[in-house]
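K.L.:
Just so you know, we're using the working numbering here: the sequence shown kicks off at 1 and counts up by one.
These aren't lab readings, by the way, just hints derived from the structure by calculation. Treat each hint with caution, since some may be false.
Ranges between beta-carbon positions, derived for each pair [unchecked claim]:
#1 19 to 125: 55 to 63 Å
#2 67 to 3: 22 to 30 Å
#3 10 to 163: 36 to 44 Å
#4 233 to 172: 23 to 31 Å
#5 248 to 54: 43 to 51 Å
Glycine included, C-beta positions come from ideal geometry on N, C-alpha and C.
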Amino acid sequence: DLTSLTSVTGDVFIANNVALANMDGLSHLTTVGGNLTIQGNPALVNIDSLSHLTTVGESLTIGGNPMLSNIDGLTGLTSLSGGFLTVNENLSLTDVEGLANLTSVSGRVAITNNDALISVDGLANLTTVGGNLSICFNDVLTNINGLTGFTSLGGSMFFQENSVLANLDGLVNLTSLGGTLSIRNNAELTDIDGLLGLTSFPGAFLDVGGNTSLTNLDGLANITSLGGDLYLWSNPALASLSGLANITSV
1 DLTSLTSVTG DVFIANNVAL ANMDGLSHLT TVGGNLTIQG NPALVNIDSL SHLTTVGESL
61 TIGGNPMLSN IDGLTGLTSL SGGFLTVNEN LSLTDVEGLA NLTSVSGRVA ITNNDALISV
121 DGLANLTTVG GNLSICFNDV LTNINGLTGF TSLGGSMFFQ ENSVLANLDG LVNLTSLGGT
181 LSIRNNAELT DIDGLLGLTS FPGAFLDVGG NTSLTNLDGL ANITSLGGDL YLWSNPALAS
241 LSGLANITSV
C-alpha cells in the first residue's frame, strides 16, 4: 500500500504494467526528486490520482499509453526545472490540459505521435523552454494556439508531419529562437505568418520543405539574417519567395 507515500527522492518509473488502469495508490504523492516516467501501460485510462503532485525535479515522460485520454492529474505541476517534457505515442490523448499550470521547462519539450491530439491549449502558460520544441506526427492537430505564451526558445523548433496543421499563428509572440527552425511535411499548412515576430536565426539554419499547401513565405518578412543554411524544397504550391526579401546575410 503506497497511499501514505508523499515524496520520492529519486525516480518514479511506472512502465509495462498490462493491467494497470489508474494511479490510485499514489494519491498523496507530492514530490518526485528525479524523473517521472509513465510509459507502456496499455490499460491505463487516467492519472487523476497524481493531482497532489507539485514537483518533479528532473524529467517527465508520458508515452505509449494507448488508452490514456487526458493527463488532468498533472495540474499541480508548475515547472520542470531539471529536465525535459515528453508526451508521445498516447493514441487516445485528445489534449494536454493537465499541463495548464506549467510555466517553464529547463530542457526540451516534445509532443509527438499522439494520433487523437486536437489541441495544445494546455501549454498556454508555458513561457520558457531551455531546449528544443518538437510538435510532430500529431495527425489531427489543426493549430498550435496554445503556444502564444512563447516569446523565446533556447533551442531549435520542429514542426513536422502534422497532417492537418493549417497555420503557425500560435507563435505570434515569438521573437527569439536559439537554434534551427524546421517546418516539414505539414500537408495542410497554407502560411507561416505566425513567425512575423522573428528577425534572425543566429547560428542555425532554416528548413521549409514538403508542405504541399504552402503558398508563400510572408511570415519570414522580418528576418534579416541567417546564421546557417537555408533549405526550401518540395513545396509545390509555393508561388513566391518575396518573404525572403529582407534577408541580407546567410
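K.L.:
Does each hint hold? Answer for all of them.
P.N.:
Tested hints:
Distance hint for residue 19 and residue 125: a CB-CB separation of about 35 Å, inconsistent with the stated range 55 to 63 Å. Distance hint check: the CB atoms of residue 67 and residue 3 are about 23 Å apart, consistent with the given range 22 to 30 Å. For the pair residue 10 and residue 163, the supplied restraint of 36 to 44 Å holds, since their beta-carbon distance comes to about 39 Å. Here the CB-CB span from residue 233 to residue 172 is close to 26 Å, well matched to the stated 23 to 31 Å.
At about 48 Å, the beta-carbon gap between residue 248 and residue 54 stays in the expected band of 43 to 51 Å.
The structure shown violates just one earlier hint, number 1.
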